[in-house]
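J.: In order, the protein sequence lines correspond to chains A and B. Per our numbering, residue 1 is the first one in the first sequence, and the count goes up by one each step. Per our numbering, residue 1 is the first one in the second sequence, and the count goes up by one each step.
For the record, the hints were derived by calculation from the structure and aren't laboratory data. Among these hints, one or two may not hold up.
To be verified - In silico lysine-lysine, DSSO-like type, Cα no more than 30 Å apart, as pairs: (1) B:Lys467 to A:Lys763; (2) B:Lys31 to A:Lys113; (3) B:Lys467 to A:Lys294; (4) A:Lys468 to B:Lys307; (5) A:Lys770 to B:Lys463; (6) A:Lys298 to B:Lys306; (7) A:Lys737 to A:Lys768; (8) A:Lys113 to B:Lys60; (9) B:Lys307 to A:Lys298; (10) B:Lys525 to B:Lys169; (11) B:Lys88 to A:Lys113; (12) A:Lys287 to B:Lys525; (13) A:Lys283 to A:Lys267; (14) A:Lys760 to B:Lys465; (15) A:Lys471 to B:Lys362; (16) A:Lys385 to A:Lys375; (17) B:Lys74 to A:Lys113; (18) A:Lys770 to B:Lys525; (19) A:Lys410 to A:Lys393; (20) B:Lys74 to A:Lys340; (21) A:Lys262 to B:Lys463; (22) B:Lys88 to A:Lys114; (23) A:Lys468 to B:Lys306; (24) B:Lys31 to A:Lys304; (25) A:Lys283 to B:Lys74.
Claimed, not checked - Pairwise CB distance ranges, derived in the manner of DEER restraints: (26) A:Gln495 to B:Gly398: 34 to 44 Å; (27) B:Tyr473 to A:Pro300: 37 to 47 Å; (28) A:Asp171 to B:Ser89: 41 to 51 Å; (29) A:Gln352 to B:Phe278: 55 to 65 Å; (30) A:Asp111 to B:Pro46: 26 to 36 Å; (31) A:Gln495 to B:Ala392: 46 to 56 Å.
Cβ atoms here follow ideal geometry from the backbone N, Cα and C, with glycine treated the same way.
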Amino acid sequence: MACGCPPPFGDPAEVREGFLCPLCLKDLRAFHQLQAHYEQEHSGEDRDVRAQLRNLVQKAKRAKKKLLKQEGDGRTDSGCQERYESFSYGGIDPYMWEPQEVGAMRSHLSDFKKHRAARIDHYVVEVNKLIIRLEKLTSFDRANTESTKIRAIEKSVVPWVNDQDVPFCPDCGSKFSIRNRRHHCRLCGSIMCKKCMELVGLPLASKLTSASKEALSSHTSPSSSPNSVHGSRRGSISSISSVSSVLDEKDDDRIRCCQHCKDTLLKREQQIDEREYTPEIVKLYEKLRLCMEKVDQKAPEYIKMAESLNAGETTYNLEHANDLRVEIQRVYEFIDALSKKILNLGLHEEPQPHPKTLQLQRMIRYSATLFVQEKLLGLMSLPTKDQYEELKKRRLHMAALETHRRQEEKQKDSTSRSVAAVNGDASHLRKGTVRKSEGWLPTSSVSRQCEIADPLLQQIDNITSFIKQAKAANRLDEVRMLQENLRQLQDEYDQQQTLKAIELSRKQAEEEEMQREELQVLCEKEWEREHHKFMSQHARTHSLDFREVKQHQHEVAKENQNLIAHGLDLDITQMKGNPSFETTAVQQLPAKEYFIFPVKPQNVPQCDKDQNRAACLNPFEDEADTPLSEEDPANPFAKDVSPLISFSNAVLQSDKKEYNPFETEEDEQTNEASVSTSNPFEEDEDPCQESGGNWNSGNPFEEGSSTNPFEVEDGNEISEEEAIEEELLLQQIDNIKAYIFDAKHSGRMDEVEVLTENLKELKCTLAKQKEKSNC
Amino acid sequence: MCGARGDAWGRPLPQTGVVSMVYTQSEILQKEVYLFERIDSFNREPMKHLKAICFLRPTKENVEYLIQELRRPKYSIYFIYFSNVISKSDIKSLAEADEQEVVAEVQEFYGDYIAVNPHVFSLNLLGCCQGRNWDPAQLARTTQGLTALLLSLKKCPMIRYQLSSEPAKRLAECVKQVITKEYELFDFRRTEVPPLLLILDRSDDAITPLLNQWTYQAMVHELLGINNNRIDLSRVPGISKDLREVVLSAENDEFYANNMYLNFAEIGSNIKNLMEDFQKRKPKEQQKLESIADMKAFVENYPQFKKMSGTVSKHVTVVGELSRLVAERNLLEVSEVEQELACQNDHSSALQNVRRLLQNPKVTELDAARLVMLYALHYERHSSNSLPGLLADLRNRGVPDKYRKLVSAVVEYGGKRVRGSDLFSPKDAVAITKQFLKGLKGVENVYTQHQPLLQETLDQLIKGKLKDSQYPYLGPNTLRDRPQDIIVFVIGGATYEEALTVYNLNRTNPGVRIVLGGTTIHNTKSFLEEVTAAGFRGRSTESSQVPPRPSSRR
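Kindly produce the complete structure, drawing on both the sequences and the hints.
T.: This is how it looks when you write it as structure tokens:
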């Protein structure tokens, strides 16, 4: 059907389907025929190609495999999101809405059956009574019995209604007279006129009685009725005999009865007929279902085999699989043939079958085709013998490689944690976290762009794409319309942009000023803190033991109140990395020496200070961790960090092993810690980071961190605590607006949301404030 | 005896709709259902080798048809399902008709409504009210539909209704009555917080159905009309034969499912992606299939390819038609003014814009009329109301009398006098701030700034702030906690814009499940029909009217 889901009950016959040759669109009955047809008809057209067929087949297969792999990758990427999308369509979140149970139902069957049983009993008794009487009436040889006798027998079966009681025919209402004589129903005894009289032929009677004999074998056959009475009926003239009796004579081998009784009998006959008769279509259909069941059984088995064989495994036998395939294909052909037969049932007969019958046949055919299409195409092909050999070899090879690699990896792992591996891990982890923190699910590359840009841009983007599409579809009027639309949008956007730019620059200026102030305060604090630390450090006795340093560090951290759960371990490793960070390379060398050799007291405070710094700069560090080119001047941090860290790590590892049993754990934790951007430690230190003087660097990360919700909240609290001055509020609002803008630009929609929430709150308070002041 | 089944269908037509909204043809075929018949169709051929499943509403006629059918059964076995509660006496007369013992099952299987989206249902009833009162037949039907929904969702709710609406109260009472009467049926497992049924009246928000829509589903309905998921495209110029009528169903059209709530521009880009994807897969016809492998691949991809080409051509056609209409009817501009009329309070600019558009020859009569309607609804009591002037403009444009009368009819239907809540001016400080903030932030999209009244009503309901004085409970019990399962029913029809609103509310409020229903799903045209059917003919506002014309002034 042209549309994905056809209107139900539509006529599917118009769509060409089945095994059409793609070149000449000739309908071929079955797959193998199509194959043969193709080889006969079309291969001649490019004979030279034929020589390369085998080659091509293989090539195509390889290409397909590659494609499949890619597709697989793509799927894992977008898979989860797609699933989410398709589940959540229509306002239902699969996690919030339990799967809907089947709604309430109420069965009336028992009630129904009760009523029916009462009725049916009555009905069945009626029918049976009639049939028993019929049997009595036909159980003697009517042809050779005198009509008086017959009459007597007939009267004995059922009491006849008195003639005098019925002056009019109860059915048609005509008056009885000499002309219009009364007739009795032999089955119920009632009276009707000739016109209303029905006749039951002997064949029908015997059919009914014999059937009921089978069904009601318990019923005893009627007794009496002398059936050996001889003599010609012809001669005898009954008491009422007249001219009309001559007319009656031909009815003698039939039994008179009323319409009602005849109806009942006919219904009965129909039932009997139906019980015995199965139309052709049913027989065919049953066969069809049988075949389908067979396929449903065999196909999964085959698919399992084919998969395994295609993977080069040796669990199954190739010939066996081939046999199975052929068998299944045969069943399919059989299904196809059967359904075609059903389709053509009665088509050439006269009269033509009922249109509904034809429709039924068509629908069965259609569903069979659907079935075949769906299942047959799921049957993957098997490798040829050669291919299979190759596959097997490759698999062996791969297996060998695999084991080899695994061994190698193990070795690597055990000998030393290679720097690259660690970094690789880190970058992996980082990816993960970044993903998470993004919080929204990209629908596609285009829509991702859409999310980033502001709505107008988005629209512009969309319309541009739309124009392209319209152009492709050759709809010039649309293109024109869209272009006009686009122009309007662009104008609007430009305007908006200039406005925004002006506003932004103003805001930025304000913001910078404020932040500078903040920085100054923080710098002072920092300085104080360091000073304090320094002092405390000096007050202690300095052991050269590394553990002492740790302890000390611990305390310092406590003093700073920045300690988090595993800050302890983290700090140390951080410290190791630090010297490499702030100071120049030359300075670092001695620093490292201090580490390798007993640490000298003077160094500790410095390290400590650095550590602080390093911790706060963590986000940079981990970005830098992914080995960028060391010479990259654009990133001042990345420059020396990674090699040095790794170096110090390595040194440390080898060095510390002797007396620090926690080394490996620490190492991992470092990586983790440096990765997790949600580390509150870092975020608390954000201002410090700014104090590092890199605030103006225009570094995108920095912008991101400035939109850090923690910080914003801090600001909120402060402003609220400070009796909420209007000016401050306004400032804050401006700031947050800027943050939102930033966040939007860098595509962090979740942050945008948080910030907008914030903004709303602020504005609310502002409005209140204003109201108050107005009052 | 035989696996094939025939289906005898009940009257009236919507019943087929109930199933066809949920299943596609091929899905039904897989269940070995091959034929569909209506129980009232004569000349059905007896097919004793078929079994029949009857799914019908337990109406008088249907029961009568069924009795006839059972007297002379055309199929071997009957499975009978009623979509609602059936009376004992009907069961008895059916049982007595079944002399041949062909009935194998009789059940009530509640489904007396049409599932439009997973969270939206409709009863497909147009013109449910006469004036401000129920049409009794429609009231009965609506009660049945609503109770069937409750039964199929297994909810026995508390009921709240809109006080300002008499029909809402009546319906609430009727539903309650059924629940009380069939208390055995409604005896479901109790949830912590009982579900809530909120009954609203369309006349409280006549704005929403008058607006042009820009999300896919709503837009298609507004411009093309969705009828049981089907869209009639036969009026599209140059349409190919197999696209005359297309089906848009989120159940089996992934593209539609993912895009039905996106706006027009987004659809544009998504459809482009779809096209590209399709083109990638499309086998190049010119290029010869060079090997058996190529050909195999082609055959293997064939059905998928076919399905995809179906989807692509369908959506491209629909979107193409939409954009054609948008251009032809100048809808972007119209919609902008509509939104301004609906959301902002600047009378003079609104008036100016409406006047300007009324002069625009591209604007259709319907659009012109609806602009005036929106104006009339919003600035009904405005001091410098210039509705007569606008009506004169309409007349000068040659807009037929029908539409002009509708203007006052709509005001009569959903004017200030009728409304229980205020549509336009915010009433409390929070709302004022909200609007103020809106002004500050600037509008994200001028075409979609309008939020239906339902949004606010539901929002308050979820927060437990909906006023009992405006939306009282039926009966003495009230809900102490915040509601979790909410069923909203709009007498006089819901809209797809509201469906979108509910969709968003469901997404943003985890733990809250809202189902929206209406006597129908409206677009502007059907809404105006509804208004007309309700008997609001509108006064002819122009005193200069030609005398011979029968005046409908009341």
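J.: Are Lys262 of chain A and Lys463 of chain B close enough, with their CA atoms no more than 30 Å apart?
T.: Violated: Lys262 of chain A and Lys463 of chain B sit about 73 Å apart, past 30 Å.
J.: Straight-line Cα separation of Lys525 of chain B and Lys169 of chain B no greater than 30 Å?
T.: holds, 27 Å
J.: Checking one constraint from the list: CA of Lys283 of chain A to CA of Lys74 of chain B, max 30 Å. Satisfied?
T.: holds, 19 Å
J.: Run the distance test for Lys467 of chain B versus Lys763 of chain A: straight-line Cα separation, threshold 30 Å.
T.: Given pair Lys467 of chain B, Lys763 of chain A holds - Cα atoms ~26 Å apart, limit 30 Å.
J.: Using the Cβ atoms, figure out if Asp171 of chain A sits within 41 to 51 Å of Ser89 of chain B.
T.: violated, 31 Å
J.: Just to be sure I understand the hint, the distance between the Cβ atoms of Asp111 of chain A and Pro46 of chain B should be within 26 to 36 Å; is that true here?
T.: holds, 28 Å
J.: Between Lys468 of chain A and Lys306 of chain B, does the CA-CA distance stay at or below 30 Å?
T.: Between Lys468 of chain A and Lys306 of chain B the Cα gap is close to 24 Å, so the pair holds against 30 Å.
J.: For a C-alpha distance cap of 30 Å, please report whether Lys283 of chain A and Lys267 of chain A respect it.
T.: holds, 25 Å
J.: Would the hint linking Lys113 of chain A and Lys60 of chain B be met if the CA-CA limit is 30 Å?
T.: holds, 21 Å
J.: Against the 30 Å threshold, does the CA-CA distance of Lys74 of chain B and Lys340 of chain A hold or violate the hint?
T.: holds, 26 Å
J.: Just tell me: holds or violated, for the beta carbon distance of Gln352 of chain A and Phe278 of chain B against 55 to 65 Å?
T.: violated, 42 Å
J.: Between Tyr473 of chain B and Pro300 of chain A, does the beta-carbon spacing fit 37 to 47 Å?
T.: violated, 56 Å
The structure shown violates the earlier hints numbered 3, 12, 18, 21, 27, 28, 29, 31.
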